[in-house]
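Student: Based on these hints, arrange chains B and C on the given structure of chain A.
Sequence order for the protein chains is A, B and C.
Under the numbering used here, the first residue of the first sequence is numbered 1, with each subsequent residue one higher.
Under the numbering used here, the first residue of the second sequence is numbered 1001, with each subsequent residue one higher.
Under the numbering used here, the first residue of the third sequence is numbered 2001, with each subsequent residue one higher.
Since the hints were made in silico from the structure, they are not lab data.
We put the CB at the ideal spot given by N, CA and C, even for glycine.
Where hints are given, some of them may not hold.
As the list claims (entries may be wrong) - List time: in silico BS3-like cross-link candidates among lysine-lysine, alpha-carbon distance up to 25 Å:
#, chain 1, residue 1, chain 2, residue 2
1, C, K2112, C, K2045
2, C, K2066, C, K2009
3, A, K256, A, K70
4, C, K2146, C, K2112
5, C, K2177, A, K205
6, A, K3, A, K39
7, B, K1152, B, K1120
8, C, K2112, C, K2088
9, C, K2025, A, K336
10, A, K205, C, K2137
11, A, K205, C, K2145
12, C, K2145, A, K204
13, B, K1026, A, K70
14, B, K1120, B, K1146
15, B, K1026, B, K1162
16, A, K256, B, K1146
17, B, K1182, B, K1120
18, A, K171, A, K81
19, C, K2177, C, K2162
20, C, K2164, C, K2287
21, A, K205, C, K2025
22, B, K1182, B, K1226
23, C, K2177, A, K336
24, B, K1098, B, K1026
25, B, K1098, A, K70
26, B, K1085, B, K1026
As the list claims (entries may be wrong) - Far from chain A, some chain C residues (derived; all Cβ distances over 12 Å):
#, residue
27, A2013
28, K2088
29, E2089
30, M2130
31, D2181
32, V2190
33, F2202
34, R2214
35, N2251
36, H2260
37, L2290
38, L2295
39, Q2300
40, E2317
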Amino acid sequence: MKKLSMNDVPKFLSSVGAAMDLFVPVRMTGATNWGVWDKEREVDLQTLKSVKSPKDVFFPQCQTMYTVSKGEDGFSIDPMKLTDQPFCVFGIRSCDVRALTVMDQVFLADPVDTFYKARREQAILVSLACHRPAQTCFCSVFGIDAAQCDGADVAMWMIGEELFLEGQTEKGNEFLGQFSELLSDTDDTASVEEEKESIRSITKKLPYSSLSLEGWGAGKTDEKFDDPNWQQLSDACLACGTCTFVCPTCQCYDIKDYDTGHGIQRYRCWDSCMYSDFTLMAAANNRTTQMQRYRQRFMHKLVYFPTNNNGMYMCVGCGRCVDRCPQALNIVKVIKTMDKGREEEKA
Amino acid sequence: MSEDCLCKNPSYRQDVLIPQVGVIRKITQETPDVRSFIVTAPGGGRLFDQMPGQCAMICAPGIGEAMFSITSSPTETDYHEFSIKECGVLTSYLHGLKEGDQILVRGPYGNHFPVDDIYKGKDLLFIAGGIGLAPLRSVINYCLAKREDYGKIDILYGSRSKADLVKLEEIREVWEKAPDTKVWLTIDREDPEWDGHVGFVPSYLTEAGFSTDKTAIICGPPIMIKFCLQNLEQLGFSRDQVYTTLELRMKCGIGKCGRCNIGSKYVCKDGPVFRCDEIDQLPDEY
Amino acid sequence: MQELINRAKELLADGTVARVLGWKKGDFVYNPEPHIFTSAEELEKDFVYDGFCGANLSKYMIRASKMEGKTLVFLKPCDTFSFNQLIKEHQVVREQAYIIGVGCKGKLDHRKFQEMGLGDIESITGINLMDECDVAKVTTIYGDKKEVPFADVMLERCHFCKTKDHQIFDEKMLGSKETTDTEGDRFDEVRRIQAMSPEERFAYFRSELSKCIRCNACRNVCPACNCLHCVFDNTNYDTAQKANADSFEENMFHIIRAYHVAGRCTDCGECSRVCPQSIPLHLLNRKFILDMDELYGEFQAGSDTETPGPLTAFTMEDPEAGAGLERSRG
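Chain A on its own, in the form it takes in the complex:
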């Protein structure tokens, strides 16, 4: 295990940032989002949850796929280069790493999305354990361990004024070897074990840790689709896209053209199933009410996705929607309300 003093973090990040692209949580005017490290930017390892999740790094909010120009002998298509250099994602949380596994089911399924795949392969994930999980967190419901991220290349703990780092993969160990200059060896595994124990005991006590997903999951379409609760659950919904954009697993996108004046850039960007035009066609729209759109989002996460992916839910319990919905609607309310409905039916 390696150790890094918090005072040396800026220096450490400088040397990583000089060697490769480095993505870190960046604080800017009151909000923390993921961005490319730069010595001018304020790295924020304290904030538990970035507003936008680090899905931005793998599946950017906006990404040009190719450009088309028209010459004398017709169109010529110039695809964007795939990421072919290793880069580091520093300080990612367990839930956000699991969210990548969720997105993998979509983007790495045949036919593979090569833009996403290249980024997944080149990324070195350095996770940060959640010293103080929030009240709104419920990752444990999905079997995620906030204390130690098993999907990361390097697991990291912030204990007092020190970072403890442990390589978990070959890639991770190589990374620690490459930037060993500021790192010191430590055999103080007791502090780390204590930290893990503390995180796990907190996680167990969080109010949402006992959330039950019984009644949801693969094959539950008929039971849930016609539930009368959808209407009142969605009544206050503003039809904004906040929940979908802050969600680490929402992966719907739009494909659009941008006319540069010299050609067309064809890009994709995040889209939201909460938007009224999401399913609009020239002739018709198959979801005309906000209730239908609201239902689609949660049915997709809690029923349709598990049906197609061996029961895996399209939610990692990060609680961002609980935190950010302007009118305090969220997936937990949906899960609980319908669970209640079921219990009342039984009684």
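Tutor: Frame of chain A, contents of chains B and C only:
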């Protein structure tokens, strides 16, 4: 994908979302608002191999991109054909293109009609309305090209008027003359130019009274499909004998962008072809 | 709070109203949601009104106006400006509403608790309308206990409260408390930005607007943004519903929206409250209000239901077209 594509940049195939260049070789005005486009690779020949019922994304850079069914049969190895009705921004633009103009094409996408297994040896009943003939035409011509593989073929096709019947010449010259094949044409309203049947497709279906040992394949406007299904059931057809296609908004074509998601299915990837009892399993949101 | 529940139950029981639009308890004290109550039991079980009920319910009355029977709606003093403005714009029907003007002692901003490390609130006292609302006593799930001056955790808008007088109501309940800061006014921040050099100002707005994802929360919550179909939501344009693709979109969406609500914006502050990225969007609207006050005389949208707004009325005293340009040249 054909290996002889002459796209200048060989890396275009790095991702399925990156299209190939297609050249419009021939445009035919089928009806007042439908044109058929014959498309090949810049060096000639098809851009890819497809199966009957599969679709392709056609893109006019700067205008838009949408999914269209490939109306030419896979047995037609020199080109792809698309019959496109003018109804939105992209389709209006495509209607303005000339022979020799280029478009971008990616595909083939979606599943296909089970022509090589389930349909083999069966009597087939094709029911189409208006531009709904486009996806069925690839199946019909595929079956006619391999005529001995299938039983009796009935084709019931209707449109608003005689002028709105797509591919009328081919129907008269090829389909009606094909062995053991019967074509039933109808138009919605009386027309002095028309001496055939007049009436809506669903009622003609009941009048004709097809025997229930056939496999039915329907494509057309949603309301037509709905009534045809009712009438087929009255005739005694069960829903697992009937195939149709669904259409929802699509962007990626490969089951990732989320737009055409309905229940646990993606119409672009798991469809567009569905057996009617499979559709019954989906939430009523299409 | 119980008086509000009791009164709502009475009005439901005697048939005066068919439903009650209020706030429903959330899982945590800081996340109540707007909700339509239809029964006494539901009100008794879930109704809440305290310092975290910041949501302005007037916009929901557009939908409720089309429902059968009257809707009882609880409006805070600042929300009544929005309701009046919606009447003026023929978006809500006065007769379809039974308005209980509820008192307000300032509304809380959960993100301010988060910034203090007190976001995980297990219990909190001092935030009910019966309380003084001087100090909030917080206990977190981590066992941290702290007394926080109410003013330190209030929404920005409450520091510059227009008034604690309801502009429209059928009856009033519960008292209010002045929350306006004694120093400065709501335009101070606008003036500070106005005083910047164009480069500084551009950098300031980029540092804020570059965070915008275009979730549309600001627009969708805004009572003045009541178009059935927004001009941006056009699939034929780059502004079609989707995440922002470039800085032009990030900037223009907000600038155009500010123009569109100018003269109708009551400065209710909902845009800034709901922004997931904490962009102080209300500053754009305040800039317009300040300019209009200076050019056309002081005007407060929503203070009544008749007076035409400065941009929809003409008087001989109106400044000439070039006045704005001259001002901007300073």
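Student: Taking the earlier hints as the rules, which of them does this structure contradict?
Tutor: Hint check: 1, 5, 8, 16, 23, 34 fail, others pass.
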